[in-house]
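Undergrad: Here's the letter readout for the chains.
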Amino acid sequence: MKLLPNNTRPALLALLASAALAVPATAQTKLDIAIVGEADTFDPMMSTKDVVSIVTQHFVETLYTFDENWGVAPLLATELPTISDDGLTYTIGIREGITFHDGSTMDSADVVASLERWKTQSPRGKGVADKIASITATGPFEVTIQMSTPYSPLLSLLAFSNSAAAVYPSEILAETIENVVGTGPYMIAEHVPDQYLQLKRFDAYVSRSEPSSGGAGARKQLADEIRFIPVPDPNTRVEGLLSGQFDFADGLPSESFARIEASDVADPMLLRPFGWPIFAINHKAGLLTDLKTRQALQAALPIDDMLFAAFGDDNFFVVDGPMYPEGWTWRNDAGVDKYNQNDQAKAADLLKETGYDGTPLRILTSRQYEFHFKMAEVAKVALEAAGFAVEMNVVDWATLGQQRNDPALWDIYITHSPFLPEPALTDLYTSSSRLGWAEPEKDAIVAQFTVETDQAKRQELFAQLQQKLYDDVGFIKIGGFNALNGIRQGLTGVTATPWPFFWNASK
Amino acid sequence: MAVYIFKRILGLMVVIFLVLTIAFVIVRLAPGDPAALMLGPEASAEDAALLRTQLGLDRPILVQYLTFVFNAVQGDLGNSIFFNQPVTQVLLGRAEPTIFLSLFSLLIALVIATPVGIYAAYRRGSWLDQGAISTAMLAASIPSFWTGLMFQRYLATELGWFPASGYGGPDAGFWVRMGHLALPSIVLGIVNSALIIRFTRASMLDILGEDYIRTARSKGMGERRVILRHALKNAAIPIITVVGLTFALLVSGAVVTERVFNIPGMGNLIVSAVLRRDYPVIQGTLIVVATLYVLINLATDLLYLLVDKRVKY
Amino acid sequence: MAASSTQDASFIDLLFSRRNVLIAAILFVIIAVLCLAAPIVAPADPFKMSVRARLTEPGAQFWLGADAFGRDVASRLLYAGRVSLTIGLGVAAFSSLIGIVIGLLAGFFRRLDAPMSRLIDAMMAFPDILLAIALVSILGGSMVNVMIALSIVYAPRIARIVRASTLVIRELPYVEAARALGSSTWTIMTTHVLRNILSPIIVQATFIFAYAMLAEAGLSFLGVGVDPATPTWGTMINEGRQYIDQAAFLIVFPGLAISASVLSLQLIGDGLRDALDPRLAKDL
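As they're listed, the protein sequences go chains A, B and C. Position in the first sequence counted from 1, then plus 280, gives you this note's numbering. Position in the second sequence counted from 1, then plus 953, gives you this note's numbering. Position in the third sequence counted from 1, then plus 27, gives you this note's numbering.
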């Protein structure tokens, strides 16, 4: 018996040698993009997950999209629709000569069939189904949507990549689509679950001719290949980015900013502002169905500390009450005097008035997003100082997603949202959401808001809605926060958006 | 000997049957409606009812159990909820990295640990022996994810000696993929060396106490020759045993190491499956790994038979 | 009882004749006492936040630094130690209890032996962490559930030892004699067998204590352990992990605490084994 099996030494040497050659050099441009997790479906119509939107927008397209200023712009449609004066009829021209990845040609029949599926089956489509009277093909390349009531957010919904009104060939439409076929600049080449999704350039793609702006305009297909690699652990994404393994890494912890900035391999890419953390309130059952108790909650929260603990660096958050950040048309100051009171004594008084009996306030949160948990921890201390008994229920995200549908299980759950181009895309304002925030005056404002088409009037209505939100404590916006992505030095053509895309990226 | 082998295989089948049962029970113990849990928050009551029928969850538990065992024996472990693919297919896709990671780390561990263990036994009680044993114990006392994080941070990111994570891209050739396993294998190898050093040392002490070694010594043979000629010959047995024993340790280690280095192996899969509530995959991974363990144990026992004529049955 | 006071003295001498065992024992006692006395010795309230002082380096105000909420790491370390040690001790005790019952039943009743042994084999076929992950995912992540899961994982180890010893012991002349004299099975099991198998169980339980602490940290790291609001050494490392660049002390101190405890327990276990039964010394 020898000390070592004969084959050990060469195997080890080969192992070490191959480690040094881990990055292959090829003539083709390939982009490796680290994303936060595996997309559980490639059908963006059926999912509201951001990771699904990010991935699928490369191979599935919609009639409209958003430009860099979050204005709606045409994509598969020829131009913005003609809308009748009563706001009920949308006439949409469809681009000719568009080919699906399976080689078939897109026409109005495909669009109508896809929109029908969107209306009846997708989470967001179902929400407007009762306002749509009919969707018909009024020509080989023209579609007409007839509304039963005016609905101003319709175009934003048609442009949104989240629960998207995607266009598929009518032949593949089914309850679940096994192999997704789209019109996008890239097509699926290979998918190995939890390892990578490989996209190759779609050679028959016909780009729009306008200059690129956000998702709108030319999609140049600069890279030959795009590979999405699910890397659930944020630190592993950072390490991979800094070691040159990834060209882009999504959703990085704010703590890694300094390190990425100091690196000569990658640069930080700040998305400012990205979104807002939310304390969602249960209006259907439990402690917070009482207005005074909600006001006590509102008064007690130490917003500065919560945001600081959650994001660690003043560069990454802003203590800001209005529902939309500086520079957005929706921004207004209604009701914000009630934001960030950080007054536990006042909260204690309010709580006393309600005759609070010590029933625990149940906060449902997860560690999928570390900042949710951190905000909850800080809030807990302040709420306890105000006299609340607090019960933290820390579960995984899947369980949270399930438990929040049962009003018996929670008083507050924590989530967040990007700033959406259209307030009506946030369903928390409606009484039909899982929060069940119903209040007659507020509901009237919401109803009016969705049918009003005049922008100035809509802004005024939104200000009233925001006032109501603060007065009635519908849910709590904690503040604004920035998102951090990492990008390889020398990679160009990537813009900061919550749903980054790479058809104009090159290195 | 044929009777012994037959008996062992019979016993093995009973154990595998129990493994199936335990895996079934564990998943059935999950609180709540598995169908609702599998479908997630957006699902309607009708969808859940439909899935219950599809999964056979509306049938009596005994029928479910028998169907499960019947299918499992035929190699059908059900379908993954998340991937919408047969569990066996999902598992097969994850086998390569885990197998090679285990293999490499075992090799690294053997290369480090066998000589150290033998030498420690040879110099029993010396400071070298004490040092080796203490170092081994220290290595076994540090959480492996801690070591992994540190190595990843300093050896991969900072110094760039190794790929930091992952398993290569779509066009990564075999050697590139193996290169991604280098650092994780070292981490896991260090942890496992601890066990092997102690085991080899103990076995060597056994052997050094045997009569024929004493005889050899009394004949005036030099210590070095005694060790090389007689003792090492018999070291095959402990090495075989270690391979069998460390399997479970390797798989456990692989769970954590694969997670740190984002290697798409079976260990990573089960953690993801837990977070995704993909019960068929959890169940399937448990079954496959446990069955492999049982088979490897049988194989090592049979190897004994071949290597060591003294073992009688 | 078999052990008289003089034997006790020689046992202690034997145990501590190896210097590293003595050092390990002292180290472990210090750690345990500090953690138990946390309410007295902790420099601050482990839950008090001063968010603006987050990630403060170790110094006069925070001896071992402050975490992401500006909480005192030293105090948290002590309180977390209580939980981690409780989990380790609890698992050692629970799994011993389960293991003893199963092992005795298997060893004493011939009819139960085959099924019980196969059950033990089947349980041991699952790698520790894998089985623990599956169990915790089903039971839910709380301190008690983690203890239950790990106890189930480690019980077969004890059961196997108990069964093997029982098989030997029940054939010993004096046990046979006791049986002939009409002692009940129960009496025989408790007085004769238990007394004899106590040493190997104590040795094994010491190792399980150590493994359970490592496993708890591993589960917390994977995100399937104790709920994160409860400080344990494992959850502290997991939280500190994000700040590995700015505040490495956040994972260094709990890492040291785990490693020191586990190491000293393993050394003690080794020493105990050698002192209690020299024949066992060469086993794993």
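In case anyone wonders, no lab produced these hints; they're calculated from the structure. Computed from a predicted structure; not experimentally measured. Where a beta carbon is used, it is the ideal one built from N, C-alpha and C, also for glycine. Check the hints yourself; a few may be wrong.
Beta-carbon label-pair distances, calculated as ranges [unchecked claim]:
{"#": "1", "chain 1": "C", "residue 1": "Phe38", "chain 2": "B", "residue 2": "Leu1256", "range": "38 to 44 Å"}
{"#": "2", "chain 1": "B", "residue 1": "Arg1012", "chain 2": "C", "residue 2": "Asp272", "range": "21 to 27 Å"}
{"#": "3", "chain 1": "B", "residue 1": "Gly1126", "chain 2": "C", "residue 2": "Lys75", "range": "30 to 36 Å"}
{"#": "4", "chain 1": "C", "residue 1": "Asp272", "chain 2": "A", "residue 2": "Val486", "range": "44 to 50 Å"}
{"#": "5", "chain 1": "A", "residue 1": "Gly638", "chain 2": "C", "residue 2": "Ser169", "range": "21 to 27 Å"}
{"#": "6", "chain 1": "A", "residue 1": "Glu633", "chain 2": "C", "residue 2": "Ala87", "range": "42 to 48 Å"}
{"#": "7", "chain 1": "A", "residue 1": "Thr418", "chain 2": "C", "residue 2": "Asp272", "range": "56 to 62 Å"}
Undergrad: Compare the structure with each hint and give your call.
TA: Going through the hints against the structure:
no.	hint	in the structure
1	C:Phe38 with B:Leu1256: 38 to 44 Å	40 Å, holds
2	B:Arg1012 with C:Asp272: 21 to 27 Å	54 Å, violated
3	B:Gly1126 with C:Lys75: 30 to 36 Å	55 Å, violated
4	C:Asp272 with A:Val486: 44 to 50 Å	46 Å, holds
5	A:Gly638 with C:Ser169: 21 to 27 Å	22 Å, holds
6	A:Glu633 with C:Ala87: 42 to 48 Å	44 Å, holds
7	A:Thr418 with C:Asp272: 56 to 62 Å	60 Å, holds
Figure legend: structure checked against the earlier numbered hints; hints not met, in rising order: 2 and 3.
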